[in-house]
Every structure is written in structure tokens, then in C-alpha cells.
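Make one complex out of these two single chains by using the hints.
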Amino acid sequence: MKLFKDLLRDYKFAWGFWIMCMMVAFACLSFFAPYDPTLWGVVPRDMRPSAEYWLGTDSNGQDIFWMATFAVRNSLVIALIAGLVSRVIAVTVGMVAGYLGGKSDRVLMFVSDSMLVIPLFLMIVMLAMLVRDSMNIVTLGLLLAIFGWAWDARLIRSQILSLREREFTKTAVLSGVGTMRLVLNEYMPYSTPLIFSTLINNMAWAIGLEITLAVLGLIDLSVPTLGTMLYWAINYQAVLLQRWWWVLTPIILSILIFVALYWLSVGISEYLDPRRRIQRVGAG
Amino acid sequence: MFIRRYLIPRLIQYVLVIFLGITVVFIIPRMLPNDPVMRTIQELRARGSSLEPGSMDKIIADLTEMYGLGGSPLEQYGAFWQRLFRGDFGVSFFQFPTPVGKLIAIALPWTAGLLLTTTTLAWVIGNIAGAFAGYYANKGWSRSLDAVVMVIRPLPYYIFAFTLLLLFAYFIRWFPVSGGSGIGRQPTFTLPYIQDVLWHSFLPALSILILGMAVWFQTMKLVVQSVVGESYVQYAKLGGVKESTIVTRYVIRNAMLPQITGLALSLGLIFSGALITEIVFSYPGLGSLLFNSIITGDYNLIMGITIFSIVALTTITLIIDLLYPLFDPRIRYT
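Chains as they are written, first to last, in our numbering: chain A, 1 to 284; chain B, 1 to 334.
Chain B on its own, in the form it takes in the complex (with noise of 0.2 Å):
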């Protein structure tokens, strides 16, 4: 049953909108009516490199094999998709010939490390921090985080993260201005390096875990709010059940469950906002790689970025679908 009415048709969404997404970014370079291959050429020369006549229709050929713009469209379609499965993203153009897939994975450990460790602990913080806040709604403490959380929340990563660096690294100079870790360091596993790397991280990842926390800790209050008036939470106080244990055993534990769907649901937009939080300090991951594409015109690099984050995008936000039965013994399919 689980199999049949579940994990099939989900698996069928999972793949359609990989499919979907791909075609997606397939489709959009080619619906525009200036043609790429021409518009990098008018950036080579307003960047002022100087062009043989003789040379151009080699640099065309070439610009065309390389967006994978020869033949009809139908053609190109099934090109593009054979490429894919090798797992040939195509060559970068402005770091040539390093081939995109090279950058990304240069670049993909920082990103999932300043991710996951972000994510998680804000998902934690927030809901346990949500969850006591919601509990003791009338103290002075919860009503006053409520108030600092009412200011954070609306604030874009953009916005947030651009107002910490100037508080953290120019105004009061705690922080480093940008990068990953000290100039011209190698990455090796020594203490100095890795206190280095956690030194730089710091302020992006607290950018990122505040306004993560700001929204978890939000929901998580108001499910709360409403969970303390269901009756087998009265129950429960009137037995005298100790209050922490209420807490942490009946209330969270149940309020939990919309949290998990809700981190699936917005898995996007916190990703989006990690690389933007990166461009902000010039972090080393898929954020500042996505930023020099744009400044460079790069289009294959952006197309690797953008397929390669709707994969594993679809495919996180699938495991946690698929594991939210675990938690929730309601939903056990059988």
C-alpha cells in the first residue's frame, strides 16, 4: 500500500520536476530573441578584446558547439540531455577550458557546509526557542524575543547580511570583510587552517541561522499557541505532569510535525538565500561562483549552477518527504 499510493506517485512528481526544471532551463536562453553566442562576442569586444576577421567564424563555430546550439531544436533537446547524463555541464567560459562541473565541485563543499550546519541548528534553535516562547507566551522574555523576531523576520538575506557586515566588519572590526579563509592559505586538515575557516564562516553563517531561526521560531510559537489549548495537554497539567516534560515530550514532539513539511516546502528559498548571503562576503561556494558568472557573462557556468541545484533541491526536499512517516507514527501507510 505504502508503495502503491505513496512512494510511486511521489517518485513520479520527484522526477517531473527534474524534468520539467531542466527543460525549463533549456528552453530560456533559446526563447530570447538576441542569440547568446552573438551576445558573448559583443561582450568579448566591449571588454576590448580585438578580433580577427579571420578568426570569427572560428570563434562562432565554436560558441555555437559550445552552447549546444547546432541543429534544429529538437535535436539540440536530445543533446543537451545526453550531455547531462554523462554528467557533462559543458566548459566554462571565462575560467576556459575548466569544465563547469570542476567549479561546482571546487565550490560545492563550502556551500554545503555553511548549508547544512545553518539550516539544522536554525531548525533546532528556532523551534525549541518557538516552542518555549510559545508555551510561556505571557512572560516578559518571550514577548520581548517576539519583538526582536517582528523587526528580523521581513528583513531579505540581501539586506540582513549586507547590515551585518557593516556592524561586524567595518564598524566594530571583529569579523574579516570577505572571503572563505586568509589569503593564499591551502587547505589542509591543521587546527590553524580549520580555526581559520570557522573564523571567516562566522558571519554568514550567523546571517543565515538568524533570519532562519526568526521564521522557525515564529511558526513554531504560533502551532504552540494553539497546541496548549487542546485538552490532553490540560490533561496532562491537571495529572500533574512536570511542565518541561509537557513541554518537550507531548507539545513539541507534535508541534514538530508541520515544521518538517514547512522546512521541505521552503528548502528553495533558504537556498537561494544562502547564495546570496555568499555573495554578500565574498564566500567561496556556489553563492560567489553564481555572482563572477554574472559578472563575466558566463552562461554556461550559470545553466551547471541552476541544473545542478534543481537536482539536489528535489532531491533533499524527497528524503525528507520520504522519511516524514518516521516521525509522524499517524502516517504509516500501511
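With the rest of the complex left out, here is chain A (with noise of 0.2 Å):
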């Protein structure tokens, strides 16, 4: 809690917080939508903003409010999904090469550089038009995990390798603390931040990736994400009618999670290091 507090002390943390905290009670007011937002035709098409329908409608006769409600909260789990599981990958290779070290480090660290040499958004492509059928919001989430590990199993490795060095390591070893009780009691506390902030880069560069697919037509185009409400945007016409009530939604809310994510990681990364922060190259 008194970490949290400091964190908050920061602008930028604070600032990321704040909009992040109003983003998912904006993805729980689904829990309340008047309407399904699997059916079409449930308001007149294509009204502009008005009392009854706050951020107009669009073209398949959705209240583009509601609809971008269902869009964030399922932008944020597939984000979710992605993160967390990623995470178990990043956090056990990072962890048994830097600890380890040796053998198991050169082909830990081969595969996961070998990862970030080779265009991966094309291997997305390519495996999203293969399970296009039976992609859901998990399946998606889990095709972004297979992929968004390498850059953060990196990160958490140096950080384990300058702990390795430290005297508390010898201590322990010598006293007879077992590798996974060291590990796990010794080093976790250590790297929680850091793991924290990966955590947040990666959750944006799966949201930046769920939007790209979506618009390729690579996913569900019937679940309700910023993506897929882009892509209907688009498929209608919306820039050219000068519909941009329904353009500027998804846009705009994405701009303000990705922003929110990046302040909050940066924040997370200054408190940890204010010399050097550490963060991904890109949102992709």
C-alpha cells in the first residue's frame, strides 16, 4: 500500500490510474446495456448524437455508447488473457535462464532473440487466418500470449542475473535454501514491479495487435471490441459519410487506453530505476 502511494505521488502514474479506473467502470457499465450487442437493427441506423443515443448510432443499428462499452470490456480481457499468460511464459524462461545460467540460458535466449528477429506480426497473420473459425475472445488472448513473451522474458533474465550476483544469493545458498524456495521467496519480491510493468506494456501491445487483426478481418468481426468497431466503421464508409461519431469512438477510447497503460508503466519503471527505464521498443 505504501508503494502504491508513492507511485500515485508521480503525475504520470497518477494520470494512468485515474483514466484506466474510469475506462473499466466504463467496460462494467455493459453489465447494464439495454441492448444485446450480438443483434443488429436494435435502434435506427446511422443517428447522429443525441439525448437518446449519447454517442449516436451506427449502420448495423447499434447505440454506438453501449456498443463501446461491450468493446472495451472485451478489448481489455483479450488483453488480460494475453498478459497474464505471457507472463507465466516470460517470467518461468526469464527466470531458469538467468538463474540457471549456462546451456539453458544460450537456448532460452536463442529462441526468444530468434523471436524478435522474425517479423512476428506475419506469424500472427498467419495463424489468425488458419483459426479464423473458432477464434474467440480466449482463443485470441491466447495467440497473442504464444507470441508476446520473448522482449520480457529478456528484461526479467538481466534483472535475475544482477540478483544472482548479490551476497543474499550466497546466504541463502549456503544455508541451504532450496532453488525454488529461493527463487520464489527471495527473488519474486524483487522483480513484482518489473513483472508489473511488462505486464501493462504487453496488455497494450495486444490491444494494438487485437485492433489491427480486427480490421484485417482476421477475428470474430461479431464480438463487440475497439477493432472490430473500427472495422464496421470502416466497412460502412463511416469517413467518407463524415460519420464521425462512429469513427472518432473506438479511436479516441483506444488512444486513451494506450496512453493510460504507457504512463502507468512508465511510472511503475521510474520508481524502480528513475536512471534508466526500461520498456518495450513498441506497441507494435
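What the hints contain is simulated information worked out from the structure, not anything from laboratory work.
Since we're looking at a predicted model, the values are computed, not measured.
From the three backbone atoms N, C-alpha and C, an ideal C-beta is built for every residue, glycine too.
Do not rely on the hints blindly, as some may be mistaken.
Taking lysine to any residue pairs in the SDA-like style, the calculated list, with each CA pair at most 20 Å apart, reads [said to hold, decoys possible]:
1) A/Lys103 x B/Arg4
2) A/Lys12 x B/Asn138
3) A/Lys12 x B/Leu145
4) A/Lys12 x B/Ala137
5) A/Lys103 x B/Arg5
6) A/Lys103 x B/Leu145
7) A/Lys12 x B/Arg5
8) A/Lys12 x B/Ala147
9) A/Lys103 x B/Leu16
10) A/Lys12 x A/Val223
11) A/Lys103 x B/Ile12
12) A/Lys12 x A/Tyr271
13) A/Lys12 x B/Ile152
14) A/Lys12 x B/Val148
If you want the footprint, here are the derived chain A segments under chain B, 3+ residues with CB under 8 Å [claimed, not checked]:
15) 119-133
16) 249-258
Here it is in C-alpha cells:
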């Protein structure tokens, strides 16, 4: 709790935190939605924003405000699945490679380096095309998780490498603490903030890819996500027909989410190490 | 020493990455329950083309041959490599019978030109701006630049490119909405044509450039901020060396090194980003080719693009890695 209070003193972390709280609250509104998001034509089509339809309606006959609550919820769920599952892989790989060193380190780092060099986006597209029929929120999350761990495993490994050289490791090993206990009890507390900050970055990356895949038509387009909302808006030429309320809703919501997540992670990294913020290369 | 300690392991890694990457590309379509041949036929049917029962067997046989699906998995794998070594990626299904290799060759100059200019410019400008912003970290302009970067940096390529498209092609109609040159223009080496291409490439280039610059700016700024505290910089300052000399000669040169490694590591992301940006602007490079192949379900074309990209990217990364000792006198592997 003290750590959290310290973090909130940083304006970036505070802004990121409150924007994300708002987004989660917005997503929770979907449980009270008066319309079913999978049905079309529940409201008149192409209405401008008004007192009755706060953000207007789209060409599928859906209320954009309520659709957006579902979209944010689903996108966040995809990001959480992708983030949490890939954290398990990244932490395992990073800790094993960092702590054991030697051959296992070389093999694991070879695998993660290869994943950084190869254009993963194309691999994901290839896989997504083939599983398009069975693509739902969970499979998409898992698909992104398989590819999203390499960079973070490297970061965790380098932290474990430096922890391994510390005095307390020798003390622990010499006093007979087992490897598992050493890693889980002694290293985990040090690594938790780093793991958390990579989790946030990874979630942003997952949402970015979800949007891209959706716009390419590679995910189930009947499930409302930020990406599929944008897909339908583009598909119905909402830009040319100047239906700004429709196009801009998913764009502005996703920009808010990306900036908020980024500021959260920058807040945590600066707290960890003000001199050298450790960050992911980009959101893809 | 250099050859044994560095070059050979690095070359082995290079070959292994390509080998594994292409093997994965080979396995992906085969490990899934649905048969790509039947899938293609279903898609043809969904598109409304009527197939006569007699021609069905012929089409199935042709498709099996085309996807390289005849024989045991091991035989398929062997045949797959043989074809690759001949530079044969098969034929595109929806632009039948154009070879995939030819389609890639047409699209490649567009992507290569776009990527080469933007990546180099982004790296150079971003690093120089970042170095000065890091050296003068307390000045007002440095802080405001940092604030702008803090908002742009987290945006994914698709969202950023689309926002630029909305702003500069729809709201303010400064630039064309799509394409690589005016419709129906033949590529010639004349000034109007080159102007036309540059005008069409401006927005896609700008969006890749700005996103790239944001990344380099930020990392460079942090590196420089930590280098500035080092004693050799203090010493140069106290010795009365001009500040511009300190920044350009001492600080930037030392801080540049991690940025070269960073460039090698992030090429994959930059490349993917460029493909996505091309899709947004319908720029006629590999990205749009990929988009068309997704829309039409042209699996051979996607495989071709992926394999080509794996080889190209790993090769460029290898070259950057091998050139690294030229920039860093401490690593000469002697």
C-alpha cells in the first residue's frame, strides 16, 4: 500500500491510473446495457449523437455508446488473457535462463532472440487466418500470448542475473535454501514491479494487435471489440460519409487506453530505476 | 579470434533462425485440423463460383500439388526446401498464374524505399534530438518535446497512421487518401512522376517516421542523461571544451552504441509497423500485397511474403551486428 501511495505521487502514474479506472468503470457499464451487442437493428440506423443516443447509432443499428462499453470490456479481457498467460512464460523463461545460466540460458535466449528478429506480425496473421473460424476472445488472447513474451523474458533474465550476484544469494545457498524457495521467496519480491510493468506494456501491445487483426477481418467480427467497431465503421465508409461519431469513438477510446497504460508503466519503471527506465520497444 | 569467437557462432545463429522460422511457416498450415485445399474450395464456393462435379477432382489435385501437400510430411518438407532454393514460392492463387515471387518483386521497391528512408531518418533525427534533449534536460523546449513524445510513443502503428489519414487527408485535404501514385500513371524517370510518388508517400512516411523518432528520442534522451553525469564529461566541461563539441563528439558517440543494438533488435517491429501503415494508406508495397492476400485467402502469397521477410530481416540484422565492431573501438575481437 505504501508503494502504491508513492506511485500515485507521480503525476504520470496518477493520470494513467485514473484514466484506466474510468475505462474499467466504462467497461462495467456494459453489464447494464439495454441492448444485446450481437443483434443488429435494435435502434434506428445512422443517428447523430442526441439525448437518446449519446454517441449516436451505427449502420448496423446499434447504439454506439453501449456498443463501446462492450468493446472496451472485450478488448481489456483479451489483453488481460494475453498479458497474464505470456507473463507465466516470460517469468519462467527469464528466471530459468537467468538463474541456471550455461546451456539452458543460451538455448532460451536463442529462442527469444529469434522471436525478436522474425516478423511476428506475419506469423500471427498466418495463424489467425487458419483459426479464423474458431477465433473467440480466449483463443485470440492465447494466440497473442504465445508471441508476446520474448522481450519481457529478456528483461526479467537480466534482472535475475544481477540478483544472482548479490550477497544474499550466496548466504541463502550456503545456508541450504532450495532453488525453488530461493527464486520464489527471495527473488520474486524484487521482480514483482518489473513483471507488473511488463504486464502493462504487454496488454497495450495486445490491444494494438487486436485492433490491427480486427481491421484486417481476422477475428470474429460479431464480437464487439475496439478493433471490430473500427472495422465496421471503415467497412460502411463512415469516414467518407462523415459519420465522425462512429469512427472517432473507438479511436479516441483506444488512444486513451494506450496513453494511460503507457503512463502507468513509465510510472512504475521510473519508480524502480529513475536513471534507466526499462521499456518495450513499441506497441507494434 | 574474431572469426572463431564471434563470426562463426553468429553465422550459425543466422542460419538456425532462418531454418527454424521457415520450418514454422511450413508447419503452421499443416498442424491445423482444416485442410487448406478444402478451405480454398469452400471459399471459392462462398464467392459464388459454381464448380462442376467433374472438374472438382482436377481442382483438388491441382491445389494439393500447388500447396505442396502431396506425399508424406517428410517428402513434403524436402520438396518445400527444394522449391525455396530454386527461389520458387509457388503461384498466387487469386492472381493466377502469376508467381508469388514476381508479385513480391513488384511490391518490394515501394516497401524498401519507404522503410529505408524512414528508418534511417527516424534513427538519425530521433537520436540527435534525443541527445540534445537529454543534455539540456532542464530546458523548457526539452520538457515540452518530452511531453509530446509521451503521448505519441504508446500509439500502435495502425491507430497513429489512421489518425494522420483522418487529419491530413479528410479533415484538411492536403494529401491524397490512398495509393502510391496518381491512378493510371506509368512509372517513368521524369520529375512529375517522382513528385507524384513523393506526394503520395508523404503521409505513410511521416507516420512511420514520427513513431520511430519517438522511440529513438526517448531511449537516447535517457542514455544521454546518464552519460552526462560521468566524470569524463565533467572533466571536459571543466577543461573548457565547447559545449557543442562535448555533446556531438563525446556524449552522442558513446550513447550511440546501445542504439545500434536497439535498431537491430527492433527491426522486426518496425517492419511489421511499415506493413500495417501501408495497409492504412493503400500504399502499393508488401503491406498492401499482404492485405489483398488476406482478403482473398491467398495462402501461397502469405507464405511467400512471410518467408521472404524472415530472410530479409535476419540478413539485415546480421549485417548490423557484423558492422557493430566498426563503431565500437572496444569490441575489435582481436
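Results for each hint:
Taking the CA atoms of lysine 103 of chain A and arginine 4 of chain B, the gap is about 19 Å. The hint holds against a cut of 20 Å. For the given pair, lysine 12 of chain A sits about 18 Å from asparagine 138 of chain B by alpha-carbon distance, which is consistent with the 20 Å threshold. For the proposed pair lysine 12 of chain A and leucine 145 of chain B, the alpha carbon gap of about 16 Å is at most 20 Å, so the pair holds. As the CA atoms of lysine 12 of chain A and alanine 137 of chain B are separated by approximately 18 Å, the hinted pair is consistent with the 20 Å bound.
Between lysine 103 of chain A and arginine 5 of chain B the CA atoms are separated by roughly 17 Å; this keeps the pair inside 20 Å, and the hint holds. A hinted pair counts as satisfied when its Cα atoms are at most 20 Å apart, and lysine 103 of chain A with leucine 145 of chain B does not qualify at roughly 45 Å. Straight-line distance between C-alpha atoms of lysine 12 of chain A and arginine 5 of chain B comes to about 45 Å, which puts the hinted pair past the 20 Å bound. With a C-alpha separation of about 11 Å, the suggested pairing of lysine 12 of chain A with alanine 147 of chain B holds against the 20 Å cut-off.
Straight-line distance between C-alpha atoms of lysine 103 of chain A and leucine 16 of chain B comes to about 16 Å, which keeps the hinted pair within the 20 Å bound. Restraint check for lysine 12 of chain A and valine 223 of chain A: not satisfied, since their Cα atoms lie roughly 33 Å apart, outside the 20 Å limit. Straight-line distance between C-alpha atoms of lysine 103 of chain A and isoleucine 12 of chain B comes to about 16 Å, which keeps the hinted pair within the 20 Å bound. A distance of roughly 11 Å separates the Cα atoms of lysine 12 of chain A and tyrosine 271 of chain A; the hinted pair therefore holds under the 20 Å criterion.
Restraint check: the Cα-Cα separation between lysine 12 of chain A and isoleucine 152 of chain B comes to about 14 Å, which is no more than 20 Å; the hinted pair holds. Proximity of lysine 12 of chain A to valine 148 of chain B is assessed by CA-CA distance (about 13 Å); at most 20 Å being required, the pair is judged to hold. Only residues whose C-beta sits within less than 8 Å of a C-beta in chain B count toward coverage, and the segment 119-133 of chain A has 12 of them, enough to reach three; the restraint holds. Residues of the segment 249-258 of chain A with a Cβ under 8 Å from some Cβ of chain B number 4, which satisfies the need for three, so the listed coverage holds.
Comparing the model with each earlier hint shows violations of hints 6, 7 and 10; every other hint is respected.
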